[in-house]
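Enquirer: Spelled out, the chains give:
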Amino acid sequence: MEALLHITTLHYLVLGAALFLLGVIGVLTRRNVVIVLMSIELILNAVNLNLVAFSRYWQGIHGPSALQGQVFAIFVITDAAAEAAVGLGILIAFFRNKETVNVDEVNLLKW
Amino acid sequence: MLFLTHIWLIPLFPAVGAALMFFFGRKLEKPTVSAVCVGSIVLAFLISCGAVWQYTDWAATPEHLHQPYQKILYTWLGTDTGHLNFQKSDGSPAPLQADAGFLLDPLSSIWLLFVTGVGMLIHIYSTGYMAHEGGYYRFFGYLNLFMFSMLTLILANNYVLMFVGWEGVGLCSYLLIGFYSHRKSASDAANKAFIVNRIGDAGFLLGMFFIAWLCGSLRFIDVTGFARAHAATLLGNPYITAATLLLFVGACGKSAQLPLYVWLPDAMEGPTPVSALIHAATMVTAGVYMVARSNALFVLAPKSMLVVAIVGAVTAIFAASIGLVQNDIKRVLAYSTVSQLGYMFLALGVGAFSAAVFHVFTHAFFKALLFLGAGSVIHAMSGEQNMRNMGDLHRRIPITHWTMFIATFAIAGIFPFAGFFSKDAILWETWSREGGAYRILWYVGYATALMTAFYMFRLMYLTFHGHPRMSHEVEHHIHESPKSMTMPLVVLALCAVGAGWLGWPHSLGGSDHFTNFLEPVFAGEAQALTAEGKAAQLAAGEKEEEHNTGTEWLLMGLSLAAAVAGWTMAWRSYRHADKDYTEPIAVAAPPVYNTLLNKYYVDEGYDYVFTGRREIGNVRLGVLGLGEASSWFDSHVIDGLVNGAGWITRLTATISGWWDKRIIDGIGVNGPAILARMLSYPARLFEWGLVQWYALVMTAGLVGFVFYYVYH
Chain A
1 MEALLHITTL
11 HYLVLGAALF
21 LLGVIGVLTR
31 RNVVIVLMSI
41 ELILNAVNLN
51 LVAFSRYWQG
61 IHGPSALQGQ
71 VFAIFVITDA
81 AAEAAVGLGI
91 LIAFFRNKET
101 VNVDEVNLLK
111 W
Chain B
112 MLFLTHIWLI
122 PLFPAVGAAL
132 MFFFGRKLEK
142 PTVSAVCVGS
152 IVLAFLISCG
162 AVWQYTDWAA
172 TPEHLHQPYQ
182 KILYTWLGTD
192 TGHLNFQKSD
202 GSPAPLQADA
212 GFLLDPLSSI
222 WLLFVTGVGM
232 LIHIYSTGYM
242 AHEGGYYRFF
252 GYLNLFMFSM
262 LTLILANNYV
272 LMFVGWEGVG
282 LCSYLLIGFY
292 SHRKSASDAA
302 NKAFIVNRIG
312 DAGFLLGMFF
322 IAWLCGSLRF
332 IDVTGFARAH
342 AATLLGNPYI
352 TAATLLLFVG
362 ACGKSAQLPL
372 YVWLPDAMEG
382 PTPVSALIHA
392 ATMVTAGVYM
402 VARSNALFVL
412 APKSMLVVAI
422 VGAVTAIFAA
432 SIGLVQNDIK
442 RVLAYSTVSQ
452 LGYMFLALGV
462 GAFSAAVFHV
472 FTHAFFKALL
482 FLGAGSVIHA
492 MSGEQNMRNM
502 GDLHRRIPIT
512 HWTMFIATFA
522 IAGIFPFAGF
532 FSKDAILWET
542 WSREGGAYRI
552 LWYVGYATAL
562 MTAFYMFRLM
572 YLTFHGHPRM
582 SHEVEHHIHE
592 SPKSMTMPLV
602 VLALCAVGAG
612 WLGWPHSLGG
622 SDHFTNFLEP
632 VFAGEAQALT
642 AEGKAAQLAA
652 GEKEEEHNTG
662 TEWLLMGLSL
672 AAAVAGWTMA
682 WRSYRHADKD
692 YTEPIAVAAP
702 PVYNTLLNKY
712 YVDEGYDYVF
722 TGRREIGNVR
732 LGVLGLGEAS
742 SWFDSHVIDG
752 LVNGAGWITR
762 LTATISGWWD
772 KRIIDGIGVN
782 GPAILARMLS
792 YPARLFEWGL
802 VQWYALVMTA
812 GLVGFVFYYV
822 YH
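Going down the list, the protein sequences come from chains A and B.
Our numbering applies: residue 1 is where the first sequence begins, and numbers increase by one.
Our numbering applies: residue 112 is where the second sequence begins, and numbers increase by one.
A hint or two may mislead.
Listing some non-contacts, in silico: residues in chain A with all C-beta distances to chain B over 12 Å [claimed, not checked]:
1. Thr9
2. Thr29
3. Arg30
4. Leu42
5. Ser55
6. Arg56
7. Tyr57
8. Trp58
9. His62
10. Gln70
11. Phe75
12. Ala85
13. Glu99
14. Glu105
15. Asn107
Residues from chain A shown here face chain B by an in silico Cβ test under 7 Å; the list is partial [unchecked claim]:
16. Leu21
17. Leu22
18. Val24
19. Val103
Mimicking SDA-like on lysine to any residue, the simulated pairs with C-alpha atoms at most 20 Å apart in a straight line are [as the list claims (entries may be wrong)]:
20. B:Lys182 / B:Leu113
21. A:Lys98 / B:Leu113
22. B:Lys182 / B:His194
23. A:Lys98 / B:Ala171
Honestly, the hints are just simulated from the structure, not real lab data.
Every residue gets a Cβ at the ideal spot worked out from N, C-alpha and C, and that includes glycine.
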């Protein structure tokens, strides 16, 4: 039971991998750009989870000052915000031209 | 000397009259027009009389003995300062120069008097004849302009100014023939006269250039002086022969000689006073005047003289024979004029210059009278000109009848009317020239005299006697012409009787004033003619002279007999002419009659050969033919060349365009593009444009890489 209740780094990594897979599947399968963007957020947050998990793991070995993973996660969140802003901006511009948010119809580069 | 020094006033008055008509004529009343135009000619006539009278006095003074009077106003053309010199035939320089100058000598005096005199009478006549016509002021303006030109021609002291007058009368002739411009035939006739005269004028111009080149001056005094001074060396000179022949071409045009006579009969389309003034009395004698004026040159060219004589004689009999059968009263008179002009040239050609001038002088009166009489007849007949529709007019228009009869006597050469003396002088001079050719010319002239009498009396009997052949309506309107028309007829009739007496020959006990008066002008001729080999004959002296007198009487009797014979024949044939009278010639020899009636088909021949209005088969000759040939050449050869050049340009452009499109664009430019396109087909298979597929491939690749590195 204790063993079941003790949450190790591996658990975090499994959860992060699951989230990452969910995100990738969402990006590859969903047609709505909004959901694609949301899936990207999911991927990024899966990565954040890994980073924070590893950060905790390193604290256990080197002491509480090993915070590089935490800092990385904050950077990724910042980056995700910027990416979401740019992505939604492109989405709005695209919607104005095509009146759709379906990514299948973004095929201008198709011959 | 008032008139003599102001001789320039003579042409000035008609010029002013003409100018007034051109600028203000439209606004003037008919009486004003008559007053101005007739008045200007009357003034010109009076001054002419005064000038000639003063000239005879002036020339009788010892210091000017028989010299011509010359009045030079200014240098009109070129300059005498040496700035405009040309090279004469002998290499020396001569000034290119012509005066506005006047020359009065016996020759121009005679022309001056009869031109202004007859001109004045015809102007008076015209006031009656044209009274009911439109364009009254225009008519008189032209007439005055004509008088100006003619007087310039006569009074000029050099060939150039004479040529100006020459062209001026030609212009007026054109304007007046075409006076009824609404009539196609009239404008055609005017064009014909103008164009035919151009041929003659070209000859005159070229002759003038020859004279300037030979003599270095165009003044008559200088030319005559030059010719007489070098008579011995220049006799037979080919350049003089060429110059005189060219001048004669000019005379042929203006004086209607073969082969340029064709315009004169057609000129009868003009109003009758015009026919009388221009185409009978004055203008057509300008050629005679010009040859007589150049007599000093002509006597140096015996060949030219022979040509003149032969052309004159042939024209005389040719035109007279046509006149025998014509039915239009004015046409008969027109051919008669051509024939009489032929007489004058015959006289000139045999060297009888004064006889020629004498005939011009008498002819002016009786022919003007005949035309004016014909005009009076036409006036009475309401415009009818065909003699077949006349007859028995002598009681209805007696003044016209009698005056015309007098003129007919004169032209037929019945003693003692004017024509007898002048015609006889010509025939006598022809007879007395040595050589068989001249004897033949005499026979021709004699036959012409017979014909003249016949056709003139035919005209008289058909018009005035026999049975009336006009319609009742026309007959009803027959009336004698007004006084303004009959008065000139009477005056001219008096002249037609008496003008010949001025030249009453020595053989009939007269003193031949006319020849004596002209002696100074033609003085040089005798010398030149003696140089031809008549010296021995002249030396034979008095005895020869007496023998000649006998011959002369015989010849006079013969020509009188010819006139009477012609008269008798006409009298027998036409005295009782009724509605279906027959021409004796038509009965005797129909082909001859038809040939004569159609004027020897000369107009048709000219149409075939020169104008090209008719085609020979499919070939068109003459001017129109030349035009067609030029047109063909233009459209086929010139245009062909142009089109050929265009075709070649187009061909090269096509090739060049093909090269550009197929080779340069095709291989050079489009080739790489096509190549790139071909290559792009496989390349673009990879680009299917779906973002998520790209992401999938990327992911798959990533997964692949990861597996590769993890399990390697």
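Enquirer: Run every hint past the structure and note whether it holds.
Expert: Okay, the hints, checked on the actual structure:
no.	hint	result
1	Thr9	holds (19 Å)
2	Thr29	violated (7 Å)
3	Arg30	violated (8 Å)
4	Leu42	holds (14 Å)
5	Ser55	holds (23 Å)
6	Arg56	holds (25 Å)
7	Tyr57	holds (21 Å)
8	Trp58	holds (23 Å)
9	His62	holds (27 Å)
10	Gln70	holds (26 Å)
11	Phe75	holds (22 Å)
12	Ala85	holds (19 Å)
13	Glu99	holds (18 Å)
14	Glu105	violated (10 Å)
15	Asn107	violated (4 Å)
16	Leu21	violated (10 Å)
17	Leu22	violated (13 Å)
18	Val24	holds (6 Å)
19	Val103	holds (6 Å)
20	B:Lys182 / B:Leu113	holds (13 Å)
21	A:Lys98 / B:Leu113	violated (117 Å)
22	B:Lys182 / B:His194	violated (24 Å)
23	A:Lys98 / B:Ala171	violated (127 Å)
In this structure, the earlier hints numbered 2, 3, 14, 15, 16, 17, 21, 22 and 23 are contradicted, and the remaining ones agree with it.
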